[in-house]
Amino acid sequence: DTAVSQTPKYLVTQMGNDKSIKCEQNLGHDTMYWYKQDSKKFLKIMFSYNNKELIINETVPNRFSPKSPDKAHLNLHINSLELGDSAVYFCASSHKGGSGANVLTFGAGSRLTVL
Amino acid sequence: QKEVEQNSGPLSVPEGAIASLNCTYSDRGSQSFFWYRQYSGKSPELIMSIYSNGDKEDGRFTAQLNKASQYVSLLIRDSQPSDSATYLCAPSRRGSTLGRLYFGRGTQLTVWP
Chain A
1 DTAVSQTPKY LVTQMGNDKS IKCEQNLGHD TMYWYKQDSK KFLKIMFSYN NKELIINETV
61 PNRFSPKSPD KAHLNLHINS LELGDSAVYF CASSHKGGSG ANVLTFGAGS RLTVL
Chain U
1 QKEVEQNSGP LSVPEGAIAS LNCTYSDRGS QSFFWYRQYS GKSPELIMSI YSNGDKEDGR
61 FTAQLNKASQ YVSLLIRDSQ PSDSATYLCA PSRRGSTLGR LYFGRGTQLT VWP
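The listed protein sequences correspond, in order, to chains A and U.
Under the numbering used here, the letters of the first sequence match residues 1 to 115, in that order.
Under the numbering used here, the letters of the second sequence match residues 1 to 113, in that order.
Okay, chain U solo, but in the shape it has when bound:
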């Protein structure tokens, strides 16, 4: 089992603030990185993917990757109460292990109005 560590929650931020979610991983063979969002009682859904070092922006979401530090993060700008959910980090290798995602335990985010 590959280790994926996420900052322990719950994380609570006011509406309009920036929420910062962090993730470190142990498998240096990881080449693709994914953030899934899971609302309480629902199934996970993919919100961001990043494959190269640096930043990737999609709307209010920015994923940051530093493979040398084995670190990936997700920033949510202008946080909304609808962003309240658990965010799961999932690194993955290429090749025969395609589709085998090792999820972190998730960080629970609460955005209060």
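For reference, chain A alone in the conformation it holds in the complex:
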């Protein structure tokens, strides 16, 4: 199936731990994103990569570090997890150019719970 897939779907961990979420898309898109959706359902962009190059970096703590080994993969590593990091993290992808750039295909989400 063509899709944006992210793993794990659920992640429960203790404060202070380090964790990673992986994302892969087989849609042939140029650009990938990480969005965070908090408990109030507010969906906010964190990062965007185009062909492995960082193009959007919103105000996100340095504890969050995205890595894109190739244009089909965008991983998110989080250091020293805090309670406020609990949220659903969505990976998404799109074409870069034209109107297609804003047509995002989202992954199923990774629900992170920090205890």
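By construction, these hints were calculated from the structure, which means they are not laboratory data.
From a predicted model like this one, the values you see are computed outputs, not experimental measurements.
Just so it is clear, CB atoms sit at the ideal spot from N, CA and C, and this is done for glycine as well.
Hints are not guaranteed to be accurate.
Facing chain U, according to a computed beta carbon distance under 7 Å, are these residues of chain A, among others [stated by the list, open to error]:
| # | residue |
| --- | --- |
| 1 | Y10 |
| 2 | K41 |
| 3 | F42 |
| 4 | L43 |
| 5 | I45 |
| 6 | M46 |
| 7 | L54 |
| 8 | P61 |
| 9 | F64 |
| 10 | N102 |
| 11 | G109 |
Using the hints provided, position chain U relative to the given structure of chain A.
Relative to chain A, chain U alone:
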């Protein structure tokens, strides 16, 4: 952070009615406007896009845009229980910020049979 305001929900309509979802935005540089639908526990999916002032119809959905008023809306005609979801408004600029969507907090719609 660009401001995107959506009418507070939840919005509840009976099956067959017209559901009206409203959105205002603060960034006058916004040129493209998108409506995403998010079912509970699922990821958002694009249902409508509009780029020019006026109306755009797609099946039971009609998007309306008024850039002068910084207002965009989504009308759902003949609402069905399957339309029950949260609807997210997302304006976007062109250029280097392509793909940077500022989502509103969404309006939760419930269509009861």
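Going down the list of hints, with the structure as the test:
Against a cut-off of 7 Å between C-beta atoms, the interface hint on Y10/A is violated, since the closest Cβ of chain U lies about 12 Å away. For K41/A, the shortest C-beta to C-beta distance to chain U is roughly 6 Å, which falls under 7 Å, so the interface hint holds. Evaluation of the F42/A hint against chain U yields a held restraint, the C-beta minimum of about 5 Å falling below 7 Å. The interface hint given for L43/A holds, since its Cβ lies 4 Å from the closest Cβ of chain U, which is under the 7 Å cut-off.
The interface hint given for I45/A is met, as the beta carbon of that residue sits about 6 Å from the closest beta carbon of chain U, less than 7 Å. Interface restraint check for M46/A: the shortest CB-CB distance to chain U comes to about 11 Å, outside 7 Å, so the restraint is violated. Violation of the interface hint for L54/A is found here, the shortest Cβ-Cβ separation to chain U being roughly 13 Å, above the 7 Å cut-off. Annotation: P61/A was flagged as interfacial toward chain U, and the flag is violated, the nearest CB pair being 16 Å apart, outside 7 Å.
A hinted interface residue such as F64/A counts as satisfied when its beta carbon comes closer than 7 Å to some beta carbon of chain U; here the least separation is about 17 Å, so the hint is violated. About 5 Å separates the beta-carbon of N102/A from the nearest beta-carbon of chain U, less than 7 Å, and the hint is met. Nearest Cβ of chain U to the Cβ of G109/A: about 5 Å, under the 7 Å cut. The hint holds.
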